[in-house]
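Top line first, the protein sequences correspond to chains A and B. The working numbering applies: residue 31 is where the first sequence begins, and numbers increase by one. The working numbering applies: residue 28 is where the second sequence begins, and numbers increase by one.
No lab work stands behind these hints: they were computed from the structure. Any given hint could turn out to be false.
To be verified - Only part of the chain B face toward chain A is listed, based on derived beta-carbon distances under 10 Å: (1) V31; (2) S59; (3) E72; (4) L92; (5) N93; (6) T113; (7) L115; (8) A117; (9) T119; (10) G134; (11) Q135.
As the list claims (entries may be wrong) - Taking lysine to any residue and the SDA-like style, the derived pairs with C-alpha atoms no more than 25 Å apart in a straight line are: (12) K44(A) to V149(A); (13) K71(A) to R40(A); (14) K50(A) to S39(A); (15) K94(B) to S39(A); (16) K94(A) to P120(B); (17) K69(B) to T62(A); (18) K94(A) to E30(B); (19) K71(A) to H37(A); (20) K69(B) to K85(A); (21) K130(B) to F97(A); (22) K69(B) to T105(A); (23) K130(B) to K44(A); (24) K85(A) to L104(A); (25) K71(A) to G36(B); (26) K130(B) to G91(A); (27) K71(A) to I74(B); (28) K94(B) to E42(B); (29) K71(A) to Q135(B); (30) K85(A) to D57(A); (31) K83(B) to S39(B); (32) K96(A) to H115(A).
Stated by the list, open to error - Now the in silico label distances, taken between C-beta atoms and shown as ranges: (33) T112(A) to P108(B): 39 to 45 Å; (34) K69(B) to T87(A): 25 to 31 Å; (35) S143(A) to P108(B): 22 to 28 Å; (36) K69(B) to K50(A): 17 to 23 Å; (37) A95(B) to S39(A): 39 to 45 Å.
Each residue gets a CB set at the ideal place from its N, CA and C atoms; glycine is no exception.
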Amino acid sequence: GAVVSQHPSRVICKSGTSVKIECRSLDFQATTMFWYRQFPKQSLMLMATSNEGSKATYEQGVEKDKFLINHASLTLSTLTVTSAHPEDSSFYICSASPLRVLNWEDYGYTFGSGTRLTVV
Amino acid sequence: QKEVEQNSGPLSVPEGAIASLNCTYSDRGSQSFFWYRQYSGKSPELIMSIYSNGDKEDGRFTAQLNKASQYVSLLIRDSQPSDSATYLCAVTPTNAGGTSYGKLTFGQGTILTVHP
Numbered sequence: 031g032a033v034v035s036q037h038p039s040r041v042i043c044k045s046g047t048s049v050k051i052e053c054r055s056l057d058f059q060a061t062t063m064f065w066y067r068q069f070p071k072q073s074l075m076l077m078a079t080s081n082e083g084s085k086a087t088y089e090q091g092v093e094k095d096k097f098l099i100n101h102a103s104l105t106l107s108t109l110t111v112t113s114a115h116p117e118d119s120s121f122y123i124c125s126a127s128p129l130r131v132l133n134w135e136d137y138g139y140t141f142g143s144g145t146r147l148t149v150v
Numbered sequence: 028q029k030e031v032e033q034n035s036g037p038l039s040v041p042e043g044a045i046a047s048l049n050c051t052y053s054d055r056g057s058q059s060f061f062w063y064r065q066y067s068g069k070s071p072e073l074i075m076s077i078y079s080n081g082d083k084e085d086g087r088f089t090a091q092l093n094k095a096s097q098y099v100s101l102l103i104r105d106s107q108p109s110d111s112a113t114y115l116c117a118v119t120p121t122n123a124g125g126t127s128y129g130k131l132t133f134g135q136g137t138i139l140t141v142h143p
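All chains, please: the whole structure from these sequences, using the hints.
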């Protein structure tokens with residue numbers, strides 16, 4: 031259980047274009063999804079919390095107009111990197127929190143497989 | 028002070044030895060603690076979660092939590108070359124309601140190398 035699918039796994043785009051990344055919960059409903067970014071040789075940093083049916087909450091220093099998040103259903107959240115630049119090149123990873131968890135001690139937050147974005 | 032700190036590493040141990048990974052956290056109200064393993068180019072994979080003081084064992088892995096000292100550790104017994112990876116300690120903060128949820132704060136990671 032608790033499988034999170036992320037697509038695409040790898041994308042190369044030209045500077046100035048936009049890229050959309052999808053995060054899906056396959057076997058559970060997720061009211062909340064989380065988007066992280068990981069630069070080379072660094073740890074994961076939370077970018078934003080995506081809430082189904084409402085606006086995302088962005089962490090300090092993350093531009094909400096550049097990183098557009100849409101959580102239109104209980105199984106899908108998308109992150110769109112708008113007007114991408116080389117400094118946006120990174121590993122983007124999502125995770126999801128179930129709508130209901132019977133026993134939180136049995137639940138470990140599952141991550142998608144990640145998207146390697148390269149902006150050239 | 029960083030919110031979650033791990034021993035800096037890299038850590039190198041011989042095959043069959045015990046690898047010890049340490050993590051301290053600053054939010055005294057934190058309730059949920061996780062160890063993830065991350066291979067190069069891959070997303071993190073959950074190894075252990077621990078919520079109560081004491082030890083929790085799962086196969087070759089043992090997580091230890093001491094909330095009074097704000098310390099969590101991971102022991103890997105009988106280390107194998109396949110255990111070579113970056114190990115990430117993650118903590119969920121308490122929110123206004125006093126409960127934790129899926130927002131994770133990660134340590135900087137410890138690179139473990141198990142040599143044959």
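Status of each hint after checking the structure:
{"no.": "1", "hint": "V31", "in the structure": "9 Å, holds"}
{"no.": "2", "hint": "S59", "in the structure": "7 Å, holds"}
{"no.": "3", "hint": "E72", "in the structure": "8 Å, holds"}
{"no.": "4", "hint": "L92", "in the structure": "12 Å, violated"}
{"no.": "5", "hint": "N93", "in the structure": "18 Å, violated"}
{"no.": "6", "hint": "T113", "in the structure": "9 Å, holds"}
{"no.": "7", "hint": "L115", "in the structure": "6 Å, holds"}
{"no.": "8", "hint": "A117", "in the structure": "8 Å, holds"}
{"no.": "9", "hint": "T119", "in the structure": "8 Å, holds"}
{"no.": "10", "hint": "G134", "in the structure": "6 Å, holds"}
{"no.": "11", "hint": "Q135", "in the structure": "5 Å, holds"}
{"no.": "12", "hint": "K44(A) to V149(A)", "in the structure": "6 Å, holds"}
{"no.": "13", "hint": "K71(A) to R40(A)", "in the structure": "18 Å, holds"}
{"no.": "14", "hint": "K50(A) to S39(A)", "in the structure": "11 Å, holds"}
{"no.": "15", "hint": "K94(B) to S39(A)", "in the structure": "38 Å, violated"}
{"no.": "16", "hint": "K94(A) to P120(B)", "in the structure": "23 Å, holds"}
{"no.": "17", "hint": "K69(B) to T62(A)", "in the structure": "22 Å, holds"}
{"no.": "18", "hint": "K94(A) to E30(B)", "in the structure": "24 Å, holds"}
{"no.": "19", "hint": "K71(A) to H37(A)", "in the structure": "23 Å, holds"}
{"no.": "20", "hint": "K69(B) to K85(A)", "in the structure": "29 Å, violated"}
{"no.": "21", "hint": "K130(B) to F97(A)", "in the structure": "18 Å, holds"}
{"no.": "22", "hint": "K69(B) to T105(A)", "in the structure": "22 Å, holds"}
{"no.": "23", "hint": "K130(B) to K44(A)", "in the structure": "32 Å, violated"}
{"no.": "24", "hint": "K85(A) to L104(A)", "in the structure": "14 Å, holds"}
{"no.": "25", "hint": "K71(A) to G36(B)", "in the structure": "13 Å, holds"}
{"no.": "26", "hint": "K130(B) to G91(A)", "in the structure": "17 Å, holds"}
{"no.": "27", "hint": "K71(A) to I74(B)", "in the structure": "20 Å, holds"}
{"no.": "28", "hint": "K94(B) to E42(B)", "in the structure": "31 Å, violated"}
{"no.": "29", "hint": "K71(A) to Q135(B)", "in the structure": "9 Å, holds"}
{"no.": "30", "hint": "K85(A) to D57(A)", "in the structure": "24 Å, holds"}
{"no.": "31", "hint": "K83(B) to S39(B)", "in the structure": "24 Å, holds"}
{"no.": "32", "hint": "K96(A) to H115(A)", "in the structure": "11 Å, holds"}
{"no.": "33", "hint": "T112(A) to P108(B): 39 to 45 Å", "in the structure": "43 Å, holds"}
{"no.": "34", "hint": "K69(B) to T87(A): 25 to 31 Å", "in the structure": "27 Å, holds"}
{"no.": "35", "hint": "S143(A) to P108(B): 22 to 28 Å", "in the structure": "23 Å, holds"}
{"no.": "36", "hint": "K69(B) to K50(A): 17 to 23 Å", "in the structure": "22 Å, holds"}
{"no.": "37", "hint": "A95(B) to S39(A): 39 to 45 Å", "in the structure": "43 Å, holds"}
Checked against the numbered hints given earlier, the structure breaks hints 4, 5, 15, 20, 23, 28 and satisfies all the rest.
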